[in-house]
Amino acid sequence: MNRRHLRAPLQSALTAWRQARIAGEGFDKRRTGLAYHLAVNRLHWYISLLRTGPHPRSEVQDELSAACHALTVLSRESMPAAAASGAHRYAVIHARIALAAGDLADPAKGAPRQVARALEGRALDRFDPYGVGSVTTAERIAGAAEVRMVMARLIVEHPPAVGVRGRRWLVTEESGTGISAAYRDRRNFRRAVLPSCAGLDAAGEAVRLGAESVGLHAALARRTAGHAVEYENARVELGRLAGRLGVSAPVVE
38 MNRRHLRAPL QSALTAWRQA RIAGEGFDKR RTGLAYHLAV NRLHWYISLL RTGPHPRSEV
98 QDELSAACHA LTVLSRESMP AAAASGAHRY AVIHARIALA AGDLADPAKG APRQVARALE
158 GRALDRFDPY GVGSVTTAER IAGAAEVRMV MARLIVEHPP AVGVRGRRWL VTEESGTGIS
218 AAYRDRRNFR RAVLPSCAGL DAAGEAVRLG AESVGLHAAL ARRTAGHAVE YENARVELGR
278 LAGRLGVSAP VVE
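For the sequence shown, position 220 (counting from the first letter as 1) is numbered 257 according to the numbering used here, and the numbering increases by one without interruption.
Among these hints, one or two may not hold up.
As the list claims (entries may be wrong) - Computed Cβ-Cβ distance ranges for the label pairs, DEER-style:
id, residue 1, residue 2, range
1, Gln98, Arg281, 35 to 43 Å
2, Arg154, Val266, 35 to 43 Å
3, Lys146, Glu96, 34 to 42 Å
Said to hold, decoys possible - Straight-line Cα separation of at most 20 Å, DMTMM-like style, residue types lysine to aspartate or glutamate; simulated pairs:
id, residue 1, residue 2
4, Lys146, Glu157
5, Lys146, Glu290
6, Lys66, Glu96
7, Lys146, Glu194
Bear in mind the hints are in silico, worked out from the structure with no lab data behind them.
None of these values were measured; they are calculated from a predicted model.
Every residue gets a Cβ at the ideal spot worked out from N, C-alpha and C, and that includes glycine.
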């Protein structure tokens with residue numbers, strides 16, 4: 038598949054995303070939920086093709102990172118639509134997909150100590166139905182932090198429905214090649230668990246994700262203007278979630 042043909046699934050995904058936003062302006066919750074689910078599936082498929090396709094990863098890495106960030110944004114849009122339509126299971130699936138995509142798009146790889154260097158990286162294309170401009174490294178790091186807290190909140194507020202079904206897949210850059218690998222890759226995202234959460238139960242995963250979110254927000258707040266509010270909100274949210282689990286909130290520097 039050449040690069041021109043590979044972009045066709047991206048355009049299809051962006052069209053579906055635009056149609057989902059239009060559907061969301063109406064009053065049919067089921068239609069909106071289905072439209073968003075279709076958009077997530079199409080953008081996710083494009084990412085799987087990039088991850089498992091014939092082109093060397095070095096040639097498509099920027100495009101892949103930009104698409105993963107876009108999937109993070111789209112999945113976060115889709116979750117409330119899925120929940121409102123009564124499809125809570127798909128809200129959880131989209132949260133797992135967002136967790137994986139956000140981590141893969143994150144130039145700091147979830148490590149607060151790497152945020153300063155990551156912020157020196159270049160901006161990427163913005164894949165969005167009406168997207169203009171570019172996506173900064175700070176935005177990608179913030180996206181990874183935000184989906185961690187979203188997943189932590191789902192785990193705490195809706196147990197045990199958000200438990201990973203089947204064998205867990207630890208998020209990794211490795212994906213294999215070929216069409217069968219692409220289908221497997223898409224299934225894997227639905228069972229995504231960050232390597233830092235390997236072996237943890239649901240409560241442990243929620244606390245770890247919340248702490249990682251706070252850590253990334255704290256690192257951004259130290260180095261970017263206007264991020265202090267996001268950090269404070271994340272810190273308060275971690276305390277609230279830990280309280281609901283009956284554990285002490287970890288101290289995050």
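Structure-based check of all given hints:
1. Separated by about 39 Å at the C-beta atoms, glutamine 98 and arginine 281 satisfy the suggested range of 35 to 43 Å.
2. Against the hinted window of 35 to 43 Å, the Cβ-Cβ separation of arginine 154 and valine 266 comes to about 24 Å, which falls outside the hint.
3. For lysine 146 and glutamate 96, the hinted distance range of 34 to 42 Å is not satisfied, since their beta carbons lie about 21 Å from each other.
4. Distance hint between lysine 146 and glutamate 157 is fulfilled; the C-alpha atoms sit about 14 Å from each other, no more than 20 Å.
5. Between the alpha carbons of lysine 146 and glutamate 290 the distance comes to roughly 18 Å, so the proposed pair stays at or under 20 Å and holds.
6. Restraint check: the Cα-Cα separation between lysine 66 and glutamate 96 comes to about 40 Å, which exceeds 20 Å; the hinted pair is violated.
7. A hinted pair counts as satisfied when its Cα atoms are at most 20 Å apart, and lysine 146 with glutamate 194 does not qualify at roughly 27 Å.
In this structure, the hints that do not hold are numbers 2, 3, 6 and 7, in rising order.
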